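Q: Residue-level listing of the chains:
Protein chains: 2
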Amino acid sequence: MSDQTQETYQNSRLYRLRHSTAHILAQAVMEMFPGESQIAIGPPIENGFYYDFDLPRALTLEDLPVLEKRMCEIIAGQHKFIRTESNIEQARKQFAHQKYKLELIETISQTHTVEGTAEKNESDVISFYTHDTFTDLCRGPHLDHTGEINPKALKLLSVAGAYWRGDSNNIMLQRIYGTIWSTPKELRQYLWTVEEAKKRDHRKLGSQLGLFHFSSDIGPGLPLFTPAGETLRHLMESYVRDVQTRYGYQHVWTGHIAKEDLYKKSGHYENYRDAMFPAMTDENMTFRLKPMNCPSHMTLFKEMGKHSYRDLPIRFAEFATLYRYEKSGELTGLTRVRSVTQDDCHIFCTPNQIQDEFALALDLIQEVLGRYRFTDYRVRLSLRDDDGKYVQDDEKWRIAQSALKTALDNSGLDYYTEAGEAAFYGPKADFMARDVLGREWQLSTIQVDFIQPSKLSLTYHGEDGQEHTPVVLHRAVTGSTERFLGVLIEQYAGAFPLWLAPVQAILIPITDRNLEYCQQLRTTLQDNGLRVNIDTGNERMNSKIRKAQVQKVPFMLIVGDKEEQSKSVSVRLRSGKNMGAQTIDEFISITNQQISSGD
Amino acid sequence: MSDQTQETYQNSRLYRLRHSTAHILAQAVMEMFPGESQIAIGPPIENGFYYDFDLPRALTLEDLPVLEKRMCEIIAGQHKFIRTESNIEQARKQFAHQKYKLELIETISQTHTVEGTAEKNESDVISFYTHDTFTDLCRGPHLDHTGEINPKALKLLSVAGAYWRGDSNNIMLQRIYGTIWSTPKELRQYLWTVEEAKKRDHRKLGSQLGLFHFSSDIGPGLPLFTPAGETLRHLMESYVRDVQTRYGYQHVWTGHIAKEDLYKKSGHYENYRDAMFPAMTDENMTFRLKPMNCPSHMTLFKEMGKHSYRDLPIRFAEFATLYRYEKSGELTGLTRVRSVTQDDCHIFCTPNQIQDEFALALDLIQEVLGRYRFTDYRVRLSLRDDDGKYVQDDEKWRIAQSALKTALDNSGLDYYTEAGEAAFYGPKADFMARDVLGREWQLSTIQVDFIQPSKLSLTYHGEDGQEHTPVVLHRAVTGSTERFLGVLIEQYAGAFPLWLAPVQAILIPITDRNLEYCQQLRTTLQDNGLRVNIDTGNERMNSKIRKAQVQKVPFMLIVGDKEEQSKSVSVRLRSGKNMGAQTIDEFISITNQQISSGD
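So the protein sequences, as listed, match chains C and Z.
Residues in the first sequence are numbered consecutively from 1, following our numbering.
Residues in the second sequence are numbered consecutively from 1, following our numbering.
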């Protein structure tokens, strides 16, 4: 969740609903183990709540329905949530038998001391919330009474271990996760989403579809792409390349390494060193894997000779694999890797061109996101505030921020601004897109940069006869091929649209004597630009069809004697739908139509 | 020159001709500085000869015609080359005033001692060749007499410094380079080739055409490609990719780094470490930039799970940039770089499939080389001999060598074998292709590998129910994008064929009022897949045409009011030829025809 979203959530009814339900869960658990339960903390979280306990025995999944049932009874009791306040000393007495609560009270008291005067202030106010028989140390807020909760919108989900205060040196507690919504419909929707997200997990699907592998021989976070996975990469990058070319971007090639000194000049060494791979040093020179393209693109801009204002804007794009030394514990499938192939672009322009270039980039991003069926997105426009960290050039900031706002206003895009969230070198806009499961991903980004061009001494010859420093816009549309592919696998549940499917059709001969005709068909289809395989295996037809469905191949073309005689194929879809016999020309026309529609 | 070519050359008349001419040069120089010249050595070399001298003054280019004139007189004298023999002692007397010759005689005498008995054998035979007044310490062979030389086929070329015995601790001598051919026509052809090679130097043309730059900020041997250069790279790689796909190759992606341990397992660390970039080491792990793709492709093969003999052959191709730590003194433009994007392929197959797979690779290579107008090539087939270095599996060698020979015989390709030139892990075939200047380049290569698959524990399930180690064929077709682009720039003298030209046509508006029509035309041409620019500069039309010619743009499309009214363009070629007015459809049809013909 972004900070802004987080703040909105904390003020919402849903937040109070979840918080109150967590208290009810704690009551139910304490009743299950009378006098033997130690309760820790139980906050609302995104999509639900949890509570941590120290109990005489391990909880099992069988306990959850029992607890749920008791929670429903408590809810039915319509107990008021009553806030009371006391001082530290009273709080200690209240929770005399709850050691975790006592520890929390000590922390609160110490915090008060540190934050306030040097003396301890034992009269500091501590709040409790009580409903029915249960009282918790709690800031609130809560619902008015338990009856506001719809018990049919409640579900306890799982039990997990969790260290007290998240510290692995502490005792391991038992955490119960639950979820609660305003209506049973919302609960059903959420549970479906969770189930669907599990099914769509790109690591699971990536393996099922045979798209990529990680190997301990290569290293963590460094995926290897199979032929099917590489085909996806290639199609994705070729598509963006074509769009970029149409929008007047030029593609360049700057390799994968540069001298470390370049990153000292650009400022990356100072600010970004921890994310860089270790140095390669010989007696004369130190190299680094590129963590960013910008210093290389700017160096090329310089090497190409003098530039006039009439040559601007110049837009350099490159699909370059960058290497970032993410902590191995933070690596996740394709969405967090160490080899990051960015669809990166740097636009060199005059300050007056910022608005047009930003607008052009907005158009391009909308076109590309639309092609991938991302239509529900909003733009977060990050501006400066009065913090001293920002580059001190008020005029530049004024021009750039106003250019970005005007372009966004003209675009009709849904956007919101966040002051103080700009990079220190300039304002930026990020596209936050929701996938079909409603999850929000940060994909595209456009950043204005006032600093790096001058650090690397870039200039252009202005209309006034003077040398000026160009502004650079950093722009990524899908972000990186690896991460975006991870997102796409989940967005499509592995069933890629026809234009993107690594194998678009699979020919299934019913008998061996149909194999030759299948080979002719494959050639015809390949000549028409389709990616086609033949399943020559020994299995029976139905098992080949099932296999193709698991592989999510869009079309299965079944070919027996009947089809061979009538020069046709029997077409089935991965959904299971049977389209019946089609001539090969009819089939090609179906696919052409579907590809050009983007489906 | 290859060893075999070298041997053929040493037995040729051309070799004797050049050797004899070198002696005549030495005589002319000694006569120019009577009693003051010390002569060193003067061998025939590829395309000519040289002789090194220690002289009382520096030679200048003005000396060369004087020497040439005297050489012609000596030639006209029809002096016989007479061989005489003597022992070491006599040789010392003969060259008592020639200190370099004396040093050579001492070396010969020491060599004899070492090679022969422990005692010095002062009676060892040393040969001299004498013509006219000049005698040289020399093994020969020579022409019969100076009159066999055609003085019109002789040219002294240059003077350069050269250390005695090539050792920079020794004195610097003066070297005169010359060339001599059988006929004046051959001389003219050779001088044209030299001149043309200078004009075509890819470093010079690369800069003139704005294709690539080197930057001291990035590092030696690490080119940056401009939009035009990247377009070339992209077209070259896309073309080979398409051909490979048509031939049943599958493309994979394996990134640019791997753990160093992988190269220890594969054997590269032991044999190839010096060519690798320095290691990247953190506390837990050491990475290396990939110097080769094979270990990564083999790792992917393994990670993809169990393979059956029915799945083979599997052909993995990748355009991966490899990094090789060439010595900075040996880097040359694009033909010797540190970032090497190989069009690399690894074919996993059974021993019985070697012949078919090798034949398929031969076909593919011929198709690709033909597309780039390389039609004059021969194949060097490197086989094993009885050296102990070769993998000891006679049966495997027998099968593989016979498979390669049979496939070459069937192909009708011009090939020759070299015993003892195979890699220790298997036989190989290299394509030696001549460019339009007759220079030979080693381009494509196919290598059989018996070793690495077993080092990396690759297996497949055989028809016999047992696990077997697959054979791997390493195959590169153009070698690397960088080096091949360097070769192509020289092959085409920068005038790329239409399908490969970064900019295929440039629209030149005669006045500003024709600009809008030019923009419409550009859109139409781009929609037809052409790469088109508009020259919007302030210069006059003729200067724009000249600029486009220097840039070697295939078509200049001049657009004035007349053209606008008749919906046409006035077409000029980079050769200067004027094709007159063409409608836009006519022009598109011309380009389509030319592109599909490969011109």
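These are calculated hints, taken from the structure and not from any lab test.
Treat the hints with caution; some may be incorrect.
Said to hold, decoys possible - Okay, derived cross-link-like pairs now, PhoX-like style, lysine-lysine, Cα gap no bigger than 25 Å in a straight line: (1) Z:Lys547 to C:Lys302; (2) C:Lys405 to C:Lys389; (3) C:Lys306 to Z:Lys204.
Predicted, not measured: the structure shown is a model, and the values here were computed from it.
Q: Taken at face value, is the distance from the CA of Z:Lys204 to the CA of C:Lys306 at most 25 Å?
A: Holds - the C-alpha atoms of Z:Lys204 and C:Lys306 are around 19 Å apart, at most 25 Å.
Q: Can the restraint linking C:Lys405 and C:Lys389 be considered satisfied, given a maximum Cα separation of 25 Å?
A: 22 Å, holds
Q: Does the alpha-carbon distance linking Z:Lys547 and C:Lys302 stay inside the 25 Å limit?
A: This hinted pair holds, its Cα atoms lying about 22 Å apart.
Checked against the numbered hints above, the structure violates none of them.
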